[in-house]
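Listed in order, the protein sequences are those of chains A, B and C. Per the working numbering, the first sequence starts with residue 1, numbered consecutively. Per the working numbering, the second sequence starts with residue 1001, numbered consecutively. Per the working numbering, the third sequence starts with residue 2001, numbered consecutively.
Calculated directly from the structure, the hints in this document are not laboratory data. Don't take each hint at face value.
[As the list claims (entries may be wrong)] Taking lysine-lysine pairs in the BS3-like style, the calculated list, with each CA pair at most 27 Å apart, reads: (1) C:Lys2003 with B:Lys1185; (2) B:Lys1191 with B:Lys1087; (3) A:Lys133 with A:Lys171; (4) B:Lys1064 with B:Lys1052; (5) A:Lys123 with A:Lys133; (6) A:Lys81 with A:Lys246; (7) A:Lys171 with C:Lys2003; (8) A:Lys126 with A:Lys277; (9) B:Lys1191 with B:Lys1086; (10) B:Lys1191 with C:Lys2035; (11) C:Lys2035 with A:Lys225; (12) B:Lys1089 with B:Lys1185; (13) A:Lys246 with A:Lys225; (14) C:Lys2035 with B:Lys1004; (15) C:Lys2003 with B:Lys1086; (16) A:Lys81 with A:Lys171; (17) B:Lys1087 with B:Lys1004; (18) B:Lys1004 with B:Lys1086; (19) A:Lys126 with A:Lys171; (20) A:Lys246 with A:Lys61; (21) A:Lys225 with A:Lys171; (22) B:Lys1087 with C:Lys2092; (23) A:Lys81 with A:Lys133; (24) A:Lys210 with B:Lys1064; (25) A:Lys210 with A:Lys61; (26) C:Lys2035 with A:Lys246; (27) A:Lys210 with B:Lys1087; (28) A:Lys81 with A:Lys61; (29) C:Lys2035 with B:Lys1089; (30) A:Lys225 with A:Lys210; (31) B:Lys1191 with A:Lys203; (32) B:Lys1089 with B:Lys1004.
[Said to hold, decoys possible] Here are a few chain A residues that face chain C, going by a calculated C-beta distance under 7 Å: (33) Ala63; (34) Tyr66; (35) Thr219; (36) Ser224; (37) Leu247; (38) Glu248.
Even for Gly, the Cβ is constructed at its ideal location relative to N, Cα and C.
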Amino acid sequence: MKTTTRRSLAFVGVMLIFAVLSAGCTGGTGSVPTLNIVNWESYGSDDPAFVAAFESEYGCKIANQYMQSEEDLLTKLRTSKPGEIDLCLPNCTILTAAIEAGLLEEIDVGRLENFGSLFERFKTQKEVMMNGKYYAVPWVWGSTAIAYNTDLISRPPDSMSVLFDEAFAGKIAFRDDYNDAIMAAAIVTGQDPNNPGDLVAIKEALANQKRLNRNYWETGDEFSKLFVGGQLSVAMMWSGQAASMKLEGEPIAFVVPADGAIGWVDNWGIVTGTKNKDLAYAFIDWMISRDFQYNWAANGGPAPVNREAADAVDPDYAAAAAMDEASLNRLFFMEYRSDEVKREWNELWTEVKATN
Amino acid sequence: MGAKRRLLALPGVSVILIFAVAPLFIMLYYSFQGDSQGAGLTLENYTRFFEKQFYLSLTWSTIKNSIFVTLVSLAVSYPLAYIMAKKLKGVRNIVLVLIIIPFFTNQLVRVYSWLIFLQDGGILENVLSALGIINGALGLLYTRAAVVIGLVHAFFPYMVITIYLALEKLDNALLEASASLGASKFETFRKITLPLSAPGVAAGLLLVFVPCLGTFVEPRILGGVNGMVIGTVIEDQFFRIYGWNFGAAVAFILLAMVIVSVSAFSRLGRGGSLE
Amino acid sequence: MNKSSFFSGGLVLLALLFLYAPIAVLIAMSFNASKYNRLPFEFSTRWYQDLFQNEALLAATWNSILIALATGIICVLLATLLVLGAQALSRKMQRALQSATLMTLTVPWLILGLSLLLMIRALDFSKNLFFLLAGHVVIALPYSVLALQARVQSLDPALEEASGSLGAGPLTTFRRVTLPTLAPAMVAGGFLSFMISFDNFVISYFLAPFGFTTLPIEIQSAIKFGFTPEINAVSTIIIGISLGCLAVAGLLLELGVSQPGKKNNRSQFLLDVSAPKQYNKT
């Protein structure tokens, strides 16, 4: 007994020393500057080939930390010390809140060589600017629309209402996300998806839609397991995941229907208090360069905002992944929403899900 | 001796006070903050919870489900712990570790494996139809039964372990003495085994029921469109929207309910044993 | 007797079958070629090859193991002292302590983690491994405490007093009387705390310093677009190593079975003396 106790005490000691040592290590990496980035996992900035190339070009290190949701990114920014995070990737639904709270620095787009090649419509989004100054740089875009199983459905669906269609009862997967749910229901009930006036009609549509689902899905993983299990005919889905599942040989196709679907844009922002401003600019410039954008888009990534990159993508692939201009023009891009609107939408969605 | 001995609790108590109680006061403060700025302290987050019918029904269904899972876990755990403590002399430590090892994997990965196991056209369906037990689709996934399976799997090992720890110490000689004094098997169980295992059962009930109230992963992935629980509401307030005030309030309401019901329960238990 | 032991064995096997059903699926999928776990099964070692090139995932796994080990050990020590000390406390204090333990069990970890982060920030500390470990200890502690509580009632104060009056110092009494009774609960409690820490996502997520990740963080982050069976592969390896260790330990125990037998007899004897008294009390 005695030796066991002594041994475990020694063990604890060793562990503590370990902890202290590794704390020391993360604290002082020496003279090499580290660019701290908050982004989604497997989303460009943590691609090993890119990281290696950027690190050797600029003599720095790249460290990624992953976000779980847009709102969570705001939490991260609010609770971090100045200088802890250099760059982050907000979408338009939170950008205004982040800028108003002073969490992002003004960006001098003149310092970005590749900024001129971006599509006009993304450059001029109202959310990336405030009082005529830039606070974020658009990076990639995509759509949340309809994926269908080509073994089960031969003609592409032409309306979002397919997700509300009795004919597919039990073979539908709707997204478990208040924003996507309400925007989709607004399209079906003929309202402006970004400013729906009749939330009662939306609630009713969603409540009726509920029993048609095989399930709601929240993460891409839940969707893919259902889909390959042959459980789904049609589903709400992201363009990017549908494209990469197709590349893996799954019988999946993606369409932005005639009555429109949901679009989103991810933007890079430089976090207030960064000590690596030059590196941050170099990073963003690399991210929006033709080569980076083309390579990613052509290999299952989201759609590029760089016009030259978009032109280089094979047109058939672009159409299949809904990166083409026709699809783009049918999208309702998500806009900034205030906290009150988000709370109201979220509560509506909670009520739909909680009511049997 | 008593005073000195009390000091032993000090390190643990201070860890809880410094790293749990103190920070939670910050959240308690949030729970009394209004969503509109500068309104001072308010009860609006608490009243909002009690005004909306669906929050209450969600809470009630979560509690019912947790009670059910706890009872099923007890039914599974007690015999198992008893057998391990009393019947499996040589291999019981090995069985004990065997029960723990599955939990060296990630919860999400385990729940997804259940999904693959239970879904229509999945592994269980194939096994059962090969045995001729079922014909056609299994229809188990996305039902309440699937959620219960997932939750019992996730939590019953805690109960096995605590009951086992209480029973293992129970001396066989005592049981034999009881039998030799003419007590029936059932009487021996009721008068000796059951009271001595009570602390283990109590600890196990807590370790199943309480975490079960808060978990939302199993219900969401295995429960289908009706897989929402009160834990989802709290999670949403922090990860989907900026609703810290309301999220904190819901969490404290849940905490109050747990503390009140547990102390009522333990008082009841004490009253029962006095009779 | 024979029938009943057949029944007992059957029940244990059934329980293990239930416990290992998803584990078997998980292992099978680590060898399945499809990224999306598509059936029918098609054998491949692709995910293991990918895993061994995925330095981030391996480092995260190692970090998780270290933190869980430290958490498990610290929790057992704190819980043992806590449970022993609590015996000397008044009823009221005991109830307060019980509520505090329940609190860390009930309040969602997300809220505990976030409030700890807010506190650290308010005190102007940076995120570091000390606070990360403290967060893990706080959430894993109730599991050790409750495991020990299931056992501590078997301690007989009369026995400890007897040991004291026979001239044994407090340490000797602890070593000879208290520790042997509590040891199984300490081991089990340590395992439970280890497993709570090892599988915890949200505490690590809020408190980990930049550049430090754990396995649950990697998994949770990957799930947005779908995790690959590399995760199954790493889980399979962990399960395999654990089962291997268990087999070795079982073998060693089998070889040295006569020795612990003697010790058992002694504690059995002690218990004989104490049992009736303890029984009267309840």
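Next item on the list: Verify the proposed pairing of Lys210 of chain A with Lys1064 of chain B, using a straight-line Cα cut of 27 Å.
Entry: holds, 23 Å
Checklist line | Given hint Lys2092 of chain C paired with Lys1087 of chain B - CA-CA distance at most 27 Å | finding: The hint is violated at about 39 Å.
Check: Given the proposed pairing of Lys126 of chain A with Lys277 of chain A, does the C-alpha separation stay at or below 27 Å?
Finding: holds, 24 Å
Margin query: So, as I understand it, the hint says Ser224 of chain A touches chain C; can you test that by seeing if any CB pair is closer than 7 Å?
Written below: holds, 5 Å
Next item on the list: Verify the proposed pairing of Lys81 of chain A with Lys171 of chain A, using a straight-line Cα cut of 27 Å.
Entry: Cα-Cα ~47 Å, so violated.
Margin query: Restraint: Leu247 of chain A near chain C, CB-CB cut 7 Å. Satisfied or not?
Written below: For Leu247 of chain A, the interface hint is violated, since the closest Cβ of chain C sits about 10 Å away, which is over 7 Å.
Check: Taking the closest Cβ pair, is Glu248 of chain A under 7 Å from chain C?
Finding: holds, 6 Å
Check: Does Lys61 of chain A lie within 27 Å of Lys210 of chain A when you go C-alpha to C-alpha?
Finding: Judged against 27 Å, a Cα distance of about 47 Å means the pair is violated.
Next item on the list: Given the hint that Lys1191 of chain B pairs with Lys1086 of chain B, test it: the Cα-Cα distance must not exceed 27 Å.
Entry: Given that 27 Å is the threshold and the Cα spacing comes to 17 Å, the pair holds.
Next item on the list: Decide if the proposed pair is consistent with the structure: Lys2035 of chain C and Lys246 of chain A, CA atoms, cutoff 27 Å inclusive.
Entry: Since the Cα atoms of Lys2035 of chain C and Lys246 of chain A sit roughly 12 Å apart, the hinted pair holds (cutoff 27 Å).
Margin query: Lys2003 of chain C and Lys1086 of chain B were given as a pair; does the straight-line alpha-carbon distance stay at or below 27 Å?
Written below: holds, 15 Å
Check: Holds or violated: Lys1191 of chain B with Lys2035 of chain C, Cα cutoff 27 Å?
Finding: violated, 56 Å
In this structure, the earlier hints numbered 3, 6, 7, 10, 14, 16, 17, 18, 19, 20, 22, 25, 27, 29, 31, 32 and 37 are contradicted, and the remaining ones agree with it.
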